[in-house]
Amino acid sequence: MDILSAKGITKRYANHLALSNLDLNVPDASIFGLLGPNGAGKTTFLRIINQIIYADEGSVTIEDRKLSQNHIEMIGYLPEERGLYKKMKVGEHLLYFARLKGLKRIEAIKRIKVWFRKFDIPDWLDKKVEDLSKGMQQKVQFIATVLHEPKLIILDEPFSGFDPINANLIKDEILELREKGSTIIFSTHRMESVEELCDHIALINEGVKVLDGPKKEIKNQFRNNTFSVEHLSSISSLPPGFELNSSKNIEDNLLVSEIHITDNSKPNDLLQAIIQQTEIRSFSEMIPSVNDIFIRTVKEQAHG
Amino acid sequence: MDKIWLILSREYISRVKKKSFLLATFLTPLFFGGLYAVAIYFAVSDSEEKVVKVIDESGLFAGKLEGRNSVVFEFVSDPIDSARKKVEKGNFDGLLYIKDLDVNDPQGINFYSMSTPGIDLIRGVNRSLEAVVRDIKIERMGFTKSALDSLNTDVEITSINLSGEDEKEGNAAIAMAVGTFSGMLIYMFMLIYGSQVMRGVMQEKTSKIVEILVSSVRPFHLMMGKILGIAAVGLTQFVLWIVLTVSIISFVAPMITDGGVEDMAAAQSELAQSPEAQNELLAAIDEVVNNINIPLLVGSFFFYFLAGYLFYAALFAMIGAVVDSEADTQQFMLPIMLPLIASMMFLGVIIKDPSGPIAFWMSIIPFFSPIIMMIRIPFDVPLWELALSMFLMVAGFIGTTWMAGRVYRIGILMHGAKVNYKVIFKWLMMKN
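Residue numbers (the numbering used here), protein chains in the order written: chain A, 247 to 550; chain B, 4 to 435.
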């Protein structure tokens, strides 16, 4: 089942088309990566889901109901551009945001304390926001986003500004939230975190969706039967159906070769063909990274 | 509505807790109360008797010289040199030495004192001397003093306003003071708190809090919460100022004069120029209290106070949403400031002719009416004009709020865009 589905979303700004007839379905309890180069329309889309701006055309439904003010309380949004009131205390701040999301005061205080224990920051309650470092402020913002236990969590560039330790902390939290049944949509430029976290990805470029689907399927789609082989002596010749793309010396005597299977041969056939010529140290299929897919697709678009 | 209330209370509490608010709220009445107390203190201490010894070689003044401005004259017959020594020792405040005198050309009167005498002291001595000289001249010319006194006639003009249902006595001076004072208060309130709204909106925009906020509340609610919260801060401050100033004046002042209400009254009359002026003032205040419709005045004051603020605060919020920095506010501030400044500039014209065409039109148009109508009300305004003005005022603030809301929701999310009036107009017209 899809928690969110968008149909035919179009948004025009004065001089350009930000989104053009965008269809997107986000499956329940998934981590959905929204990718795209700068200015692709990701933030515009996230703002539309949050009802900060409205689409010119198209519709969004959440749990099969048309997006409305009633959905605000089940969404948690961490925008890319985010700030806090500098003069407020951390505890007051979180309480304020939680209550704006419809949480009762007592319940909010209880949950704030739980999160403070979890992040090991028990003495922050009375600290002023201006006394926190940027990374600390981002932790507070993250807590503010999830405090009301939203079913749909939208994170726009959640890792920017985090050091690796805190980034990992947030990653673990994201995974845990998914375990608890929340759906997370996040947009990012950091492909390694997409690789690590996402179940689904969608790539938009210049307001148009160019890729969409489960991460595994997309990666399969971009597999082209190329294998990487580490071996000792060089490969002199290959039977028909195999093509040696490149061969590099990486250490004394150790070479790495990229071999492309052009016909219906199986990987085992390739192994049999080279095992007679050289000693094999490793053999693996070259599955493109999300990063490769991203760059390749965007470049193809730009040229096509 | 719950969310407006949440925003309102955050704005209110965070501002009221600020040190600058507490300082301004408690120090301003202390300052004014203190100023008042100091004035009373000096009035009281000045009223201490000043002893001036008089050596009168002409023999014209003995028994006739009356002290004024708390000067007491004591005639002595010491030789001038020894009397001067006593002044130097500080035995008394001054020495008046009158040599033989020609009343037609009074020359050569000297006043000796250790310090430069105050203007009050010199004027008092001067007037006392002149009064005696005048009496002597009158006598020499053959008039009697009582005959002369009977020539002075007091003429009083009572102005009667025929427009009201009853014939009312009006007092232009008091009406002017009441009107100007309330108009000024409203002007200050709109300006001070309106610009606070602008700065608040701008801070939320530049510190990027706003996107988190508008994902939870509608931009219009956010704007209204801020405007109303700051209005509550302003009202709190005004009420505290009034309460504190009144209590400082009524509790602290008697302590300074060390003696209760009578001394206070004495001190106050000392502040006024003369007992006569004091009585006139009291009578006039009495008249105003009897003749100006106080409930109407107070009611209208609160109406224009709030409606005027709402009208302008929405415009200020719009500017805050449009700009990226304080420096950019200047170009948009001007058109908002112009009607306010114009209201103040026309103040004199309105007071001179409170029912003229300029007064009428300015008190009807919402841009000017909060200030101008308040100036006119003490001069009696036809009810239909007041009703029309209030109706347009309400329509006006609904209009500015609607307009500001439309520009606000787009402006707060726009960063780095070059904004001019054309762009604002486009945002205003943009559909959802």
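Just so you know, these hints were derived from the structure itself, not from any lab. All residues carry an ideal CB built from backbone N, CA and C; glycine is no exception. Any given hint might turn out to be false.
Residues from chain B that keep clear of chain A, each with C-beta distances beyond 10 Å, as calculated [to be verified]:
| no. | residue |
| --- | --- |
| 1 | I10 |
| 2 | Y15 |
| 3 | L104 |
| 4 | M144 |
With the C-beta cut set under 8 Å, the calculated list includes, among others, these residues of chain B facing chain A [said to hold, decoys possible]:
| no. | residue |
| --- | --- |
| 5 | K6 |
| 6 | I7 |
| 7 | R137 |
| 8 | E214 |
| 9 | S250 |
The hints, checked one at a time:
1. I10: violated, 8 Å
2. Y15: holds, 13 Å
3. L104: holds, 75 Å
4. M144: holds, 80 Å
5. K6: The hint holds - K6/B has a Cβ within 8 Å of chain A, the shortest such distance being about 6 Å.
6. I7: violated, 11 Å
7. R137: Violated, about 71 Å.
8. E214: holds, 4 Å
9. S250: It is violated, given that the least Cβ distance between S250/B and chain A is near 31 Å, above 8 Å.
In this structure, the earlier hints numbered 1, 6, 7 and 9 are contradicted, and the remaining ones agree with it.
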